Amino acid sequence: MAHLSLATQVIQMLAGALLLISFAMLAERRSRRLLILLVWQGAVLVASTLLVASTAHLTHLFYSAALTLVLKVCVLPWILFRLMRKLGIERDNEPLVNLPTLMLVGLALVIFAFGLAQPVSALATTVLRDTLGIALAVILLSFLMILARRKAFTQVIGFLSLENGLFFAATSTTYGMPMVVELGMALDLLVAVFIFGIFFFHIREQFDSLDLDQLESLKED
Amino acid sequence: MNGIASTTALTASLGLIAAWLVLGALGLARPNSIRWVARTLFPVGALIALGVAGAGAVALTANFTAQTAVLPLGLPSLPFHVRLDALSGFFLLLLGSAGAGISIFAAGYFRAGEGTAPGMMGLQYHLFLASMALVILADDAYMFMVAWETMALSSYFLVVTQHRIPEIRRAGFLYLLMAHVGALGILLCFGVLQGGSWLMTFDAMRGAALAPAWASAAFVLALFGFGAKAGLVPLHVWLPEAHPAAPSPVSAMMSGLMLKVAVYGMLRVSWDLLHAGPWWWGLLTLGVGLGTAMYGAIFAAVQTDMKRLLAYSSIENLGLVFAGIGLALLCRSFDMRLLAALALAAALIHSFNHALFKSLLFLATGSVMHATGERSLGRLGGLIRYMPWVAALALVGSLAIAGLPPLNGFVSEWLLLQAFLQTPQIPHAFLNMIVPLGAAIVSLTAALAGYVMVKFYGVIFLGQPRERALEQAQPAGWLERAGLSWLALGCVLVGVFPQVALDVVGRITGQLVGATVQRGPAPWWMTPLASNQASYSGLWLWAGLVLVVAATFVLVRRLYHGRVRRTPAWDCGYRWQTPRMQDSAEGFGQPIRHLFGPVFRMQRELPSPSDAQPQYRVQIEEHFWHALYLPLSRFVQRTAERVTILQGGRLATYLLYSFLTLILLLVWVL
Numbered sequence: 023m024a025h026l027s028l029a030t031q032v033i034q035m036l037a038g039a040l041l042l043i044s045f046a047m048l049a050e051r052r053s054r055r056l057l058i059l060l061v062w063q064g065a066v067l068v069a070s071t072l073l074v075a076s077t078a079h080l081t082h083l084f085y086s087a088a089l090t091l092v093l094k095v096c097v098l099p100w101i102l103f104r105l106m107r108k109l110g111i112e113r114d115n116e117p118l119v120n121l122p123t124l125m126l127v128g129l130a131l132v133i134f135a136f137g138l139a140q141p142v143s144a145l146a147t148t149v150l151r152d153t154l155g156i157a158l159a160v161i162l163l164s165f166l167m168i169l170a171r172r173k174a175f176t177q178v179i180g181f182l183s184l185e186n187g188l189f190f191a192a193t194s195t196t197y198g199m200p201m202v203v204e205l206g207m208a209l210d211l212l213v214a215v216f217i218f219g220i221f222f223f224h225i226r227e228q229f230d231s232l233d234l235d236q237l238e239s240l241k242e243d
Numbered sequence: 049m050n051g052i053a054s055t056t057a058l059t060a061s062l063g064l065i066a067a068w069l070v071l072g073a074l075g076l077a078r079p080n081s082i083r084w085v086a087r088t089l090f091p092v093g094a095l096i097a098l099g100v101a102g103a104g105a106v107a108l109t110a111n112f113t114a115q116t117a118v119l120p121l122g123l124p125s126l127p128f129h130v131r132l133d134a135l136s137g138f139f140l141l142l143l144g145s146a147g148a149g150i151s152i153f154a155a156g157y158f159r160a161g162e163g164t165a166p167g168m169m170g171l172q173y174h175l176f177l178a179s180m181a182l183v184i185l186a187d188d189a190y191m192f193m194v195a196w197e198t199m200a201l202s203s204y205f206l207v208v209t210q211h212r213i214p215e216i217r218r219a220g221f222l223y224l225l226m227a228h229v230g231a232l233g234i235l236l237c238f239g240v241l242q243g244g245s246w247l248m249t250f251d252a253m254r255g256a257a258l259a260p261a262w263a264s265a266a267f268v269l270a271l272f273g274f275g276a277k278a279g280l281v282p283l284h285v286w287l288p289e290a291h292p293a294a295p296s297p298v299s300a301m302m303s304g305l306m307l308k309v310a311v312y313g314m315l316r317v318s319w320d321l322l323h324a325g326p327w328w329w330g331l332l333t334l335g336v337g338l339g340t341a342m343y344g345a346i347f348a349a350v351q352t353d354m355k356r357l358l359a360y361s362s363i364e365n366l367g368l369v370f371a372g373i374g375l376a377l378l379c380r381s382f383d384m385r386l387l388a389a390l391a392l393a394a395a396l397i398h399s400f401n402h403a404l405f406k407s408l409l410f411l412a413t414g415s416v417m418h419a420t421g422e423r424s425l426g427r428l429g430g431l432i433r434y435m436p437w438v439a440a441l442a443l444v445g446s447l448a449i450a451g452l453p454p455l456n457g458f459v460s461e462w463l464l465l466q467a468f469l470q471t472p473q474i475p476h477a478f479l480n481m482i483v484p485l486g487a488a489i490v491s492l493t494a495a496l497a498g499y500v501m502v503k504f505y506g507v508i509f510l511g512q513p514r515e516r517a518l519e520q521a522q523p524a525g526w527l528e529r530a531g532l533s534w535l536a537l538g539c540v541l542v543g544v545f546p547q548v549a550l551d552v553v554g555r556i557t558g559q560l561v562g563a564t565v566q567r568g569p570a571p572w573w574m575t576p577l578a579s580n581q582a583s584y585s586g587l588w589l590w591a592g593l594v595l596v597v598a599a600t601f602v603l604v605r606r607l608y609h610g611r612v613r614r615t616p617a618w619d620c621g622y623r624w625q626t627p628r629m630q631d632s633a634e635g636f637g638q639p640i641r642h643l644f645g646p647v648f649r650m651q652r653e654l655p656s657p658s659d660a661q662p663q664y665r666v667q668i669e670e671h672f673w674h675a676l677y678l679p680l681s682r683f684v685q686r687t688a689e690r691v692t693i694l695q696g697g698r699l700a701t702y703l704l705y706s707f708l709t710l711i712l713l714l715v716w717v718l
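Quick mapping for you: the protein sequence lines, in order, are chains R and P.
Quick note, in my numbering, the first sequence goes up one by one and the last residue is 243.
Quick note, in my numbering, the second sequence goes up one by one and the last residue is 718.
These are calculated hints, taken from the structure and not from any lab test.
Any given hint might turn out to be false.
A few chain R positions that, by computed beta-carbon distances, are all more than 12 Å from chain P [claimed, not checked]:
1. 49
2. 68
3. 76
4. 105
5. 123
6. 131
7. 137
8. 140
9. 142
10. 161
11. 170
12. 171
13. 214
14. 236
Per the computed footprint, the stretches of chain P lying under chain R, defined by three or more beta-carbons under 8 Å from a beta-carbon of chain R, are [unchecked claim]:
15. 644-653
16. 691-700
Restraint-style ranges between C-beta atoms, simulated for each label pair [stated by the list, open to error]:
17. 247/P x 137/R: 21 to 27 Å
18. 125/P x 69/R: 39 to 45 Å
19. 80/P x 205/R: 41 to 47 Å
20. 136/R x 261/P: 44 to 50 Å
21. 97/R x 69/P: 52 to 58 Å
22. 205/R x 122/P: 34 to 40 Å
23. 688/P x 144/R: 19 to 25 Å
24. 696/P x 122/R: 25 to 31 Å
25. 677/P x 137/R: 51 to 57 Å
26. 683/P x 123/R: 39 to 45 Å
Here the structure is a predicted model, which means the values were calculated and not measured.
Every residue, glycine too, gets a C-beta built ideally from N, C-alpha and C.
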């Protein structure tokens, strides 16, 4: 019992770390540090999944933790890091809204997410049920981050962070998704990042910048 | 034993449909080879069509019971159901027998370098045939819609074969648009028909107990959806654009076969899936049908493009078919089964006949176009000398479509007329006075159709060639002639043995109405009402005609032989007659244009008397464009422009939309 409650406590601490990282990402201006934060977020996710797997004795969660480790902590950040180098966009990130406002909106979203999660976590039976609110908050904050940035590169990072939040929500409510779905999503992510990479080059070639405001000129009148 | 035979009929028809698809795919092996695709694969396709017709004929034998099967295709919990009964058997017979003639013709017709590569075209062509057969066999709404949309799409690609021409692309787009609007109607109709059970099989729909208002909604939606495909006024606008744009075998398939698939759908929904409804269903269908028939005939009379003329004639004929269906529905609502059976038999036989003679005429225009490169009636003429076979076979088709005995068109129009003449028996105070007037409209339409065909045949094949180049016209190849002959043979056989056709459709009316019209004493005698009234024998009439012609020939030879004097004809004292002085297509249609003036939207340019090079031009449009379709399209355009405000071009705004939607939905859940 004591062992279980210790594990739960650690998991809840990790969940708190996830939320903190999300806020940090929201506030971070430099692409390079943003990427590092994404790696940290992935690492925390792997750790919490491993803990859930060992407490609940679920083999398939070990696999998905391994998958997360390989994909979200190693492969994807590595690809993005190389892209960043090639495109030379290490620090250029002005949010559309000023940072204090963004933080306040983020706070409101977190409160909203917790309120939203209450009836759902009452139904869930897993050891992680209290963390659903955090998972939802991570999703909403990532969305906010995509919304508030003007560079395509940051938006991709926001997209990956959003996926992390979804994954966390799935583990915390139902002990993860079926393996088939998870594999499919992993593949989707990989392909998506490749496609984003190609698009980066095309956007830059067309507009000499990755600033998405330029895309406005594409509008048909 | 009968069970085995009928199961084989369903399995065989499915196998044949699959063979069509394989054939289409084989065409892609050598997509640019006319010899492989047209000369080798299309004749095989014609044989398969004969097989499909045979399978349909088995379903029309006396002791056949409906056979069903579930295919291992479709979505996991939504498999495809198929069913072969008398009604689908009849339409398979129609599809197969007319399709065989068209495929044989197409084998000789397609040439290299005409738009789409032959292999691609072969694929679309056979996909079109297969999807039509699948619509007819479908036994659940899901499969029906899949096959229906495949039919619309494959025919769209066939229409835009020569996609480099802007008018053809425009015609194709209009066709696609109307096809989708119609398909929406059908989809909604099925949505109503399932009656809250959410089962999409036709079996469930047959058993569903619908409230009268919902049943009426389903009926109106079906009439709209199938009417858009069948070309009922005012949903007909795509027809005169799409049929001339397509290559001739495709026009023949669309007009001869696809419009009949719409008739099949209408019959399936209104007679099989829906139970007897209020009388206004019948009156509505009847009114729309008769209006369409008149409208089509009037517009056909003033056309100057031979394929447009035939397209309007198709509108007219489908109007007659729907008038028959409407009359049958009307009689069913008053429980007059025998009369309903008679009207339904007329509609079915007319569908079959139209498939034969309209395909024949469209194919004949294809031969003429290949020989002369002309589609406009104003530049043709005198082709009977250069293309005797095509001229003779087109004559059979023209006589049949004009409703002259002893050919097939007469049989169905006669039955329809007889049905209308019986309508004073309807036990309703006003209907029994109004509906018989339909007989007058049917006769007027038949007369106008005759007029149209005199114009069509006379201007193309008779008289003097209007252009020098026509003298170089080459007769059609043997494959084309074989296809035309097959269809002409069908026209003659149905006309001479009308009772066989009545027997065949009797199985359907027995199944749907519970009554069949009276049997005639012999295959060549039909006595639909009583033996002393309205009976008709194609064979005796045929024999009489042959006898009179032979006797005249012999008499003339006996009495006048050797006494013929050849001199120039009296030329009204005018020595410089040229072929351009013949009656033209515009001239021939002028009385109709004058009589029905308000129906048309005309623009005329008349030359001044002192003009040295007089130019005469008349352009005829439909009121529907300006009164209905253009305002509608402007409205859609304006609405779309208002909605475009949402599309500001800023990515952040778009993201904000989805973010706010997400938040709102979550709040709503909370």
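Please settle this one: residue 140/R was flagged as non-interface, so is its CB more than 12 Å from every CB on chain P? It is violated; residue 140/R is separated from chain P by about 9 Å at its closest Cβ, not greater than 12 Å.
Does the Cβ distance between residue 97/R and residue 69/P fall inside 52 to 58 Å? violated, 43 Å
Could you tell me whether the CB distance from residue 677/P to residue 137/R stays inside 51 to 57 Å? At roughly 53 Å between Cβ atoms, residue 137/R and residue 677/P fall inside 51 to 57 Å, so the hint holds.
Can you tell me whether the CB distance of residue 205/R to residue 122/P sits inside 34 to 40 Å? With a Cβ separation near 26 Å, residue 205/R and residue 122/P fall outside 34 to 40 Å, so the hint is violated.
In terms of Cβ atoms, is chain P entirely out of 12 Å range of residue 105/R? At about 19 Å from chain P, residue 105/R clears the 12 Å cut-off, so the statement holds.
Please test the hint of 41 to 47 Å on the beta carbon pair from residue 80/P and residue 205/R. holds, 43 Å
Could you check the hint for me, namely that residue 696/P and residue 122/R are 25 to 31 Å apart, CB to CB? At roughly 26 Å between Cβ atoms, residue 122/R and residue 696/P fall inside 25 to 31 Å, so the hint holds.
Is 21 to 27 Å respected by the C-beta to C-beta distance linking residue 247/P and residue 137/R? violated, 41 Å
Quick one: are residue 136/R and residue 261/P within 44 to 50 Å, going by C-beta? The hinted range 44 to 50 Å holds for residue 136/R and residue 261/P, with Cβ atoms some 49 Å apart.
Is 39 to 45 Å right for how far apart the beta carbons of residue 125/P and residue 69/R are? holds, 41 Å
Consistency of the no-contact label for residue 76/R, given chain P and a CB cut of 12 Å: Holds, since 33 Å exceeds 12 Å.
When I compare C-beta atoms, does the stretch 691-700 of chain P have three or more residues closer than 8 Å to chain R? holds (count 6)
Hints 6, 7, 8, 9, 10, 11, 12, 14, 15, 17, 21, 22 and 23, counting from the list given before, are not met by this structure.
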